[in-house]
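**Student:** Listed below are the residues making up each chain.
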Amino acid sequence: MFYREAGDFKTSYVDDSQTFPIRFDRMRYYAVLVLGFGILPFVMNDYWANAVFVPFLIYAIAAIGLNILTGYCGQVSLGTGGFMAVGAYACYKLMTAFPWMPMPVNVLLAGLVTAGVGVLFGLPSLRIKGFYLAVATLAAQFFLVWLFNKVPWFYNYSASGQITAPERTLLGVAVTGASTPAWAKYLFCAVFLFALAWLARNLTRGTVGRKWMAIRDMDIAAEIIGVNPLTTKLSAFAVSSFYIGIAGALFFAVYLGAAEVGEAFGIQKSFLILFMVIIGGLGSIFGSFAGAAFLVLLPVLLKNLLVGGLGWPTDLAAHIELMIVGALIIVFLILEPHGLAQLWRVAKEKLRLWPFPH
Amino acid sequence: MKKTFTMLAAAAIAATTAAPALADLVVPNLSYRTGPFAAGGIPYADGFNDYFTLLNERDGGIGGEKVQVPECETAYNTEKGVECYESTKGQGALVYNPLSTGITYQLIPKVTADKIPLYTPGYGRTSAANGKVFEWVFNYPANYWDGASVAIKYLLDENGGSLEGKKIALLYHNSAYGKEPIRTLQELAKKHGFTLSELPIDSPGQEQKSQWLQVRRDKPDYVLFWGWGVMNSVAVQEAANIRFPMDKFIGIWWSGSENDVLPAGDGANGYKALTFNGVGGDYPVYADLKKYVFDAGKGSGAGDAAGSVIYSRGMYAAVIISEAIRKAQEIAGTPKVNAAQVRDGFEALEITDARLEELGLKGFGQPFAASCGDHGGAGGAMIQQWDAAAKKWSLITGFIEPDHDVLDPLVAEDSAAFAAENNIAERCN
Amino acid sequence: MPDQLLYAMEVSLNGLMAGIMYSLVALGFVLIFKASGIFNYAQGVLALFAALTLVGLQQGQIPFSHVINAIFGTELHSFGWTLPALVAIALTALVMVGLAWLIERLVLKHLVNQEPIILFMATIGLAYFLEGLGDVMWGADIKKLDVGLPQGISETIDAITFNAFGYGFFIDRLDIVAAVVAALLVASLTLFSQYTKYGRALRAVADDHQAALSVGISLRFIWVLVWSIAGFVALVAGIMWGSKSGVQFSLSLIALKALPVLMLGGFTSIPGAIVGGLIIGMGEKLFEFFAGPLIGGATENWFAYVLALLFLVFRPQGLFGERIIERV
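Residue numbers (this note's numbering), protein chains in the order written: chain W, 481 to 838; chain E, 4 to 432; chain V, 4 to 331.
These are calculated hints, taken from the structure and not from any lab test.
Everything hinted at is true.
If we take Cβ atoms under 7 Å as the criterion, some of the chain E residues that face chain W in the derived model are:
1) THR37
2) THR81
3) GLN109
4) LYS113
5) ALA116
6) GLU183
Simulated pairs of lysine to aspartate or glutamate, EDC-like, Cα-Cα distance not exceeding 16 Å:
7) E:LYS222 <-> V:ASP6
8) W:LYS828 <-> W:GLU816
9) V:LYS112 <-> W:GLU816
10) E:LYS92 <-> E:ASP117
11) V:LYS147 <-> E:ASP269
12) V:LYS147 <-> E:GLU261
13) E:LYS294 <-> E:ASP62
14) E:LYS135 <-> E:ASP411
15) E:LYS194 <-> E:ASP411
16) E:LYS92 <-> E:GLU74
17) E:LYS193 <-> E:GLU167
18) E:LYS194 <-> E:GLU167
19) E:LYS301 <-> E:GLU74
20) E:LYS170 <-> E:ASP221
21) E:LYS193 <-> E:ASP408
22) E:LYS169 <-> E:ASP224
23) E:LYS301 <-> V:GLU78
24) E:LYS69 <-> E:ASP27
25) E:LYS251 <-> E:ASP390
26) E:LYS251 <-> E:ASP221
27) E:LYS118 <-> E:ASP347
28) E:LYS222 <-> E:GLU201
29) W:LYS630 <-> E:GLU201
30) E:LYS118 <-> W:ASP526
31) W:LYS573 <-> E:GLU424
32) W:LYS490 <-> W:ASP505
33) E:LYS92 <-> W:ASP526
No residue lacks a Cβ here, since even glycine has one placed at the ideal position from N, Cα and C.
Between the sequences and the hints, there should be enough to build the whole structure, so can you do that?
**Tutor:** As structure tokens, then:
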């Protein structure tokens, strides 16, 4: 009934190759946009922004970034936390060195800096593959964290090595600092996410994306048909790090407001984002959203349910929460090994025929 | 699947919106009973909860108003800390005490914007002691720079007033928390003529062989230690392993609990640590705690931590917070105080020996009086020493005053930098 | 001899010893990877779980007492017994076998023939679950693990080296025990896999799942077997690290120390895990000794990875890993 192609005629190639060729899907997409930009910002309060939506948006950006590298180009990376730290510290240095610079420019530049660092640490990928590469990227993770902790220049010689985001405004509204209204935080991140997701979706449909996927599926074969592994792998590292750097900058400046490198961008973050990508679905932009939502929302939901709803002691709730998250991951895998994105695809397929499956 | 999810969501929304009756005083407890630092978080949270339970059960709350202590699990994680802050803020929280330097840094701008006091006894941002800049943050009775100075003062006493030519090593948690004392110690090294070597240990700190081999080679006269979590017990064990004289090994107050020394057994005998609160179960307040809380089955957690170092420290935080609320009620002339009034209470708070005795906590903490400019208190700390045979900590000194001549300029400098970065005008002038 | 050289020797020796401790964790990874191609993220948590269970059993703690007390308002804590260390270890080993069986039954059975990344993810889920379970069963507070292993400076080595060089080396007795245990473990694993029926079956499965299945080897049994062995190795690692630092959550993070070892030694080689551990341990300690004071210390975490990375650039499959042959 839903997702029907029947009656949805295309008269040009452009129409035919659009991202959402089915009308219902397109409508749904516009509906989500209206909800995200037109309704949510007006009903947003501090709790929903800070505990749920802003982290979700930022993690979604990071997950898209990692998905480009891991899902589309097949290079498993565990350096995400380190690259986010690069973004965060670049943003901090830019914010404090050039107080007049508009915040979006800071964030984009932070992304570019991270892209450069990402390319540098992507070089070993030309020799090392698979899980070996994953562990090799941990070298980047640990080295970067150590560097930001050790060199006082990065944190402007403050006594404890914490960095704190000063207040910056955009069009007269604060977007960083403590007095930022909830909707501004949300919108600032949402605009970035929308633009980056749109970009990623189109990149992965085009030449660049096809090259990445060729390398992922079989790098030697790809090389033979004329895909240059050097530029392809490094471009994936660059684009992916750009996304992750932006996520890091937003994470520090908009979401947390203050950060300490080992705590905020430690190895746990790298794993968390990799989990999001795998649980969401490798090689799927929607999967990145779904994975981020799953791992950001589920713990908050469970916590509110167990502690707030059932009144359990907090420690017990925290332990049970871990068990439930773990068990759910396994259950999802057994039901659908290719992540939430595949689950979604199957659901769409079902909806297409519903309510007359035969 | 979908149905359960919507149900979950509905339940969660219901849960987040279900606020407690607004008449009560709300003091959230951002605790961590899970994660890498749970061993320290559990007794602290228990001590904090139990004292408020005692007030509710014995006195009917503070000034006739019951105190609610909603607990929220942070796992020592800043993101969860933010979530906890946001979720409890709406319930009318009067003061926050997150027991994490990382979360404190995060909350300082937030509480300033939301106008809720933040109380960080013995941790957090040191320069918040300067009330002229940090209007909403209080960190009395002592902070890390006080701690560093007290440790050096104690060593000065041990050495007849001079540390000339001595070698002191600082072993620290390689994070914001561990780096705090370095500046102070460097200044003190200049002043007293000792050499300071800095040995960082990465979190979590299970592997410290390199650092201790270096200690063994360099043979420093004293080792000062800023650790937290598993790092503490490993360090004590390694010190015992290399036969470092334990009475020359001094930890900050977060590195001196039973958990840290018990795993090392007899080897830990003689280890010293700072503390700004009394320890042990000999205070009269424990009789009340037993009667109204433990025996009534209302104790928080497993109930085996009472009287331990960290438990006492959690209780100390609760005592100060309750006294500040009492003060606020006195100033405001109503038992129903709000966060801004509690802030005034904190600022006008005076803890005297007589008051502590009334509370059944004679000598438990150092008397101090806060003021508009002084949010840091007297800064004194005691030295406690571990007796492995008796398995208990005993205090071996009274309160030692820190060296304010060295500290005050440092506090002024750091807080001025913060004020400049954030465009804050000094108050209290 | 100059002091600096003596110190460097002491540091290297200690590095080798630390390396053995890393190898103990790495061994568990290798076993599972070799037999089933799974990169077992849960290995560190497995070690934590084993150590928690050991302490709990030894001290007669009632499992789930916290939950029971919370639900029924009881005050249960302890059975009131203290088991001898060996009995407790044997019981814990049994628990780990049971756990392996459950893991096979509930998780792996349903994921046969899936891609490595999906199996990897299943172990992530498992890690979350076991972490929660361990805490719920035994509580999150720090526990002292004491099975009677010696600790502290070894007098003999101190004396010998003092007589020889005029400077006594520090070697921890626990590290010596760990080295002996690791040697025994590797020897018995080798003997087991070379000379027993099940060992041969194990190797057959490692070589080729399909072929092993076709000659009648039960894959499911082999998986239970290998997870049991990995569980036992995790128990050994848990005992060693737990004696050193007490048992609590951070114990699961030792897995991070094992990753560079794995990378350097190769994911599929048992000797590789040992040699890799030795190289990593010695390398990171020497680097900290020479370069640490110059660049500010705490270099060990990242240097281990950089060292492994350098090796990999020259040998992408690790020192002893199977050669990666690519066909188009």
